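Please take these sequences and the hints and turn them into a complete structure.
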Amino acid sequence: MPNNNNKIYDKNKIVIGIVIFLIISLFPIWYNHFKNVPAPDPLLTEKAKIAKECVLPKVLMKTEHMQLLNSWRDSVVRDGKRLYTNSQGKVFDMSLSNGCLDCHSNKKDFCDRCHNYASVRPYCFDCHIDNPKEKK
Amino acid sequence: MNVHYMFSLIVVIGLVLLAYVGVEVLGLKAIFGVVLPYAAFLTFLIGVAYKVIDWAKSPVPFRITTTGGQQKSLPWIKSAKIDNPDCSVGVVVRMLTEILFFRSLFRNTKAELKEGNKFSYEWEKWLWIFAILFHWSFAVVLVRHFRLFTEPVPYLLQLLENLDGFFQIGIPVVFLSGLLLLAGVTYLFLRRIFIPQIKYISLAADYFPLFLIFGIAFTGILMRYFTKTDIVAVKQLTMGLVTLHPTVPATIGFIFYVHLFLVCVLLAYFPFSKLMHLGGIFLSPTRNLPGNTRAVRHINPWNYPVKVHTYDEYEEEFREKMIEAGLPVEKEE
Ligand code: HEM
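Each protein sequence line maps, in turn, to chains S and U. Going left to right, the first sequence walks through residues 1 to 136 as the working numbering numbers them. Going left to right, the second sequence walks through residues 1 to 333 as the working numbering numbers them.
Heads up, some of the hints might be wrong.
As the list claims (entries may be wrong) - Listing some non-contacts, in silico: residues in chain S with all C-beta distances to chain U over 10 Å:
hint, residue
1, Ile8
2, Asp10
3, Leu83
4, Gly99
5, His104
6, Lys108
Claimed, not checked - Distance windows between CB atoms, simulated:
hint, chain 1, residue 1, chain 2, residue 2, range
7, S, Lys11, U, Lys307, 28 to 36 Å
8, S, Leu26, U, Phe106, 28 to 36 Å
9, U, Thr251, S, Arg78, 29 to 37 Å
10, U, Leu96, S, Arg78, 47 to 55 Å
11, U, Glu316, S, Val19, 50 to 58 Å
12, U, Ser273, S, Lys11, 34 to 42 Å
13, S, Leu60, U, Leu156, 30 to 38 Å
Bear in mind the hints are in silico, worked out from the structure with no lab data behind them. In this text, all values refer to a predicted model and were calculated from it rather than measured experimentally. In this text, a Cβ means the ideal position worked out from N, Cα and C, and glycines have one as well.
Okay, structure coming up:
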């Protein structure tokens, strides 16, 4: 239909609709009040500082630690193999509470800082109660 | 082989390569991570508003509601309150069932000649099932992504994540909506390939969004479960975008930029494509008007203001002459 007079029909409803659309679309903009939160910085314990290095290089640990944990779990629970040797020849106990959390015993200031930021809630700690540590 | 889907497929593959070359070879992370997302999002917002206002300029002279039941008429004739609503409450209910549950698609039937030439209608629910699956899982995936754009992450969003990962399969926990989205988009594509009538009417503009969304879901799933990306760095980038303090962390892999670039293309393409049915569903005159043609007089808004001379005025003017000529008149002076 050729439109000669440029009139907007039902103007009020259209404007309300567009305003609702904009409010929803811009949700992250107004929700955060333009305040950027600094990235979490996981705190290393004294023990970890002495060890200097993690199981894998830091870049890999950052992105793939959950997959490493998964392979550790399978290896222990399915094959009964409890020792892991990394590429430097260092040997680790393949354990969540007695491995990772031995060096990173400050779960609140280490694992949780990242996880809260990324909104992940690993269910592992339903069973692997980290504090006090499980007995071997 | 068919030129329409081959064309769309090649374009989407080209876009993936473009993002790869741009980020990995040319190192244009600031372009793909900041400039294009802002540009695409602005195009989306302005484009959608422009389209809606443009639509609103078309007059709807008459109620053209499609009806699935009896219109309200005499009190002793039962009317269909939702399928043929006569008031705004009914319209709202009808629109909600349409938008949330695709009620009219649920009525979908298939017409076929059977046993030689017996004509039959058969119910056809597959399209409805997969359309619902596709749209709802798309919405859930989209809403879940807001964990990257909010700090602190709202509680309701965490609840949705917990629900979506309810079965706790694998690490990282499998989000069902992501896989259902992929399944949905795959069906919607195969439908266009395998049903001859639908293949015949499908154009590049039908295949392109499907390939694009497939590409987005595929790269997202790849990134979450296989070639891991540094999510903390990603969130720094996304939070930078929404707080208008853009930063470009160095440690994000190219697969993220491919994912993001495809999303940018989708956003920028949105207002100019069939995807605008998101806005269109709200403005469908066949759905959003009460069917009250028996009760209310609707005047065509583009009627030309014709000068009329009613019979009363005519008689007033010519009464004496009419009486002289012996013509019957309504009012004798
Ligand atoms: C049309 C919008 C989008 C769709 C349909 C989509 C789809 C997906 C899907 C299906 C996944 C797999 C994991 C899951 O199910 O959540 C995913 C992951 C991901 N997407 Fe998107 N995405 C969209 C927009 C975006 C945007 C705008 C960004 C960032 C700027 C983004 C960043 C990511 C990241 C970082 C992941 C990996 C998440 C992880 O490893 O946990 N996506 N996406």
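These are the hints, each one checked on the structure:
| no. | hint | verdict |
| --- | --- | --- |
| 1 | Ile8 | violated, 5 Å |
| 2 | Asp10 | violated, 6 Å |
| 3 | Leu83 | holds, 21 Å |
| 4 | Gly99 | holds, 16 Å |
| 5 | His104 | holds, 16 Å |
| 6 | Lys108 | holds, 16 Å |
| 7 | Lys11/S x Lys307/U: 28 to 36 Å | holds, 29 Å |
| 8 | Leu26/S x Phe106/U: 28 to 36 Å | holds, 33 Å |
| 9 | Thr251/U x Arg78/S: 29 to 37 Å | holds, 33 Å |
| 10 | Leu96/U x Arg78/S: 47 to 55 Å | holds, 50 Å |
| 11 | Glu316/U x Val19/S: 50 to 58 Å | holds, 52 Å |
| 12 | Ser273/U x Lys11/S: 34 to 42 Å | violated, 26 Å |
| 13 | Leu60/S x Leu156/U: 30 to 38 Å | holds, 34 Å |
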